[in-house]
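A.B. asks: Construct the entire structure; sequences and hints are all you get.
Chains as they are written, first to last, in our numbering: chain L, 159 to 780; chain B, -11 to 104.
The set of hints was computed from the structure by calculation and includes no laboratory data.
All figures in this text were calculated on a predicted structure; none of them were measured in a lab.
Note that the Cβ used here is the ideal one computed from N, Cα and C, for glycine as well.
Check the hints yourself; a few may be wrong.
Quick list of simulated restraints, FRET-style, between CB atoms [to be verified]:
hint, chain 1, residue 1, chain 2, residue 2, range
1, L, M255, B, D(-7), 37 to 43 Å
2, B, T75, L, S371, 30 to 36 Å
3, L, L696, B, K77, 53 to 59 Å
4, L, H484, B, T75, 32 to 38 Å
5, B, D(-7), L, K572, 54 to 60 Å
6, L, M255, B, K77, 41 to 47 Å
7, L, R689, B, D(-7), 38 to 44 Å
8, L, T319, B, D(-7), 36 to 42 Å
9, B, K32, L, S235, 44 to 50 Å
10, L, S701, B, D(-7), 41 to 47 Å
11, B, D(-7), L, A692, 46 to 52 Å
12, L, H484, B, K77, 30 to 36 Å
13, B, K32, L, S508, 46 to 52 Å
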Amino acid sequence: MPTAIGIDLGTTRCCVGIWRNDRVEIIPNEEGNPFTPSYVSFTETEWLIGDAAMRKAARDPSNTVFNVKRLLGRAFSDPGIQADIAHVPYEVFEKDMKPHIRVRYRGNTKEFSPEEVFSLILTKMKEIAQSYLGSIVTSAVITVPAHFNLSQRQTTKDAGTMAGLKVLRVLSETSACAATYRVDRWNARDHNVLIFDLGGGSLSVSLVTAHESGVLDVQANAGDAHLGGEDFDDRLVQHFSAEFKRNHRVDLSGNHRALRRLRIACERAKRTLSSAMKTTVMVDGLYEGIDFETSLTRGSFEDLCDDLFRRTLDPIDSVLRDAKIHKSQVDEVILVGGSTRIPRIGRLVSEFFDGKELNRSMNTDEAVTCGAAIQAAILAGATSEKTQGVLLLDVAPVSLGIETTGGAMTPIIKRHSTVPTKKSQMFTTTSNNQPGVFVQVYEGVHAKAKDNNLVGRFVISGLSPAPRGVPRIEVTFDMDANDRLVVSATDKGSGKSQTISISSDVRGLSRKEMEAMSAEAEGYYREAAERKAAKKSLEAYASSLETAIVELQNALGRATLLMNAGKDISAEVYRHRQQAMEEAAETAMRKLSGSATSQQGERSGRRVSDEKYIRSWQLSPV
Amino acid sequence: MDDNDPISQFFPDQEDVDLYAVLGVKQDANADDIKKAYRKLALKYHPDKHAGANEDAKADASLKFQQLGFAYAVLSDEKRRGRYDLTGKTDEGADFGPGEDGWETYFEQLFEEVTR
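C.D. replies: Here you go:
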């Protein structure tokens, strides 16, 4: 059996575990810590990962990378990303529409994608496991927040592959907790479990029904990608920077080293306040020899973060709504994640459930890793009696669908459908004699397709001419348990079909695909365009001919008048009239031949150089 | 079998499919029985439970699980189940009334369909 580990890839720290001898062992790193900070620091000689990198953060802030999870698999234009970039001391720039990181490494400027940084951290986690186990680790289950979409999950998987791991599954953190819960305590009755996971960077909430059969049925997920311990630290840093400014007239913003040191002190104070009612925040020589020392009570910490704390309840609401379960039907509320140690959070959640006692029996920090290790063992084919009966029926994290008439999003696989799943729907054309259809695949919950995330697109061309609404095009979405999505479309009339597999890099069309599509479209377009251009040319020539004839008739008319005028006209006047007529005829002939050549250029038909035309190949629901 | 019905996708080359038989329940089974039967069979056929098997066995289990999921989707939805009992049709049928997006969208869509 291959050695498969479970990795909790957190915003602020990572943890690795393995299922051995009917239980999960959490594997400590070389410094003896079960948790390894998700930090990578680049130096003149090497890169450091984990504790060593974190220690460098204050000394070399621009070359120490952290919080990368928030950048993973997202577009640079994402407003959330912009807010994150403002908060980090290292350089983030745009490349291929995605955020990238620029650092100094071994005397050179180096650029990394977020997944490359993650692959370094994953490699480290793999090495930690290998040296502990004394054997080669080949595969892993990696956890991500439940709200991660397909692109983010795919990117996470890519990072694992880059680290030399076969990624057995990218698992939602809360689903992992459910597996831990299942193995930890076997409860021989059906019950609803709400998992509330508030970590360093994000909040995930899941409602899972645990059945006596052993099946864990995930009902709904919700979360907040930007709510966690880091945000509470931010609040404290902002608060104390303002205080420092008031007292010493010194602006700390832009001074990354000072801010870093203040942040460390704030984080320590936050932790202390989980048990104490009051603490001191102290930084020696925070700015040019000025020491910073102040006290902070639990009450004022809670006031400062009040809106953030209250926001943690929103996902609970939406999970219950989506699962169609009343809060009184929730049998267990499980709190995991480091930030659930904050007493106020626990009180808020308990109050939400009308004073219900919360289940804190699971190890707050290790529950996710345990679940990942359990699932890794199951997927690697372990035959432990304890894992045998466990089956996690997970759900699609987002709705998946296609763009239809008017830019609407028509979901094919709805959010929270159990995966693996396969669904089909019939569509038709929107215009008469539409030569093809442009299938654009989106993920997301918004009603307008453009507000969702485009994950792939393709074209079926060569439809037989038919009035709109007549052709029948069947679109099928097939999603496996690994969130791998295969989309196919078949024109029932011609039997033509296209299939694509959605992967992380199909965010837009590559230039080559674009050109191929344009060339294809041009084939259909050219004929119509040529006809149109020829007609326009004929019309133009006829119209200028008409003008010429009118002009000549006028000249002729004047000549006739002159000829009929009588005998008193001199030779000079006749000659003059003839000259004018000759000129008029010449001008008319010149105009006619000029008009003919000016039309020449347009006869070949305009080139289709953009997607505009193909975009009109819309699908419409039947 | 009707080629346009989604059932033909999940049970290719099969003339007559009884979704109740797929789940191994009687026609008068209640919602709870259907749920239980689905979960019991899911535990048997879910691809995760065949991770160590060869490719053929995996593909076979995967198809079985999809058939199972489909039968469950139809029979666990009261409206769809009633329609299936009466007509044998398994598609989601025409939706009368507003969906998640409310009446406005419903009428917009209706208008689209009628004027097309």
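A.B. asks: Of the hints stated earlier, which fail here?
C.D. replies: 5, 10 and 13
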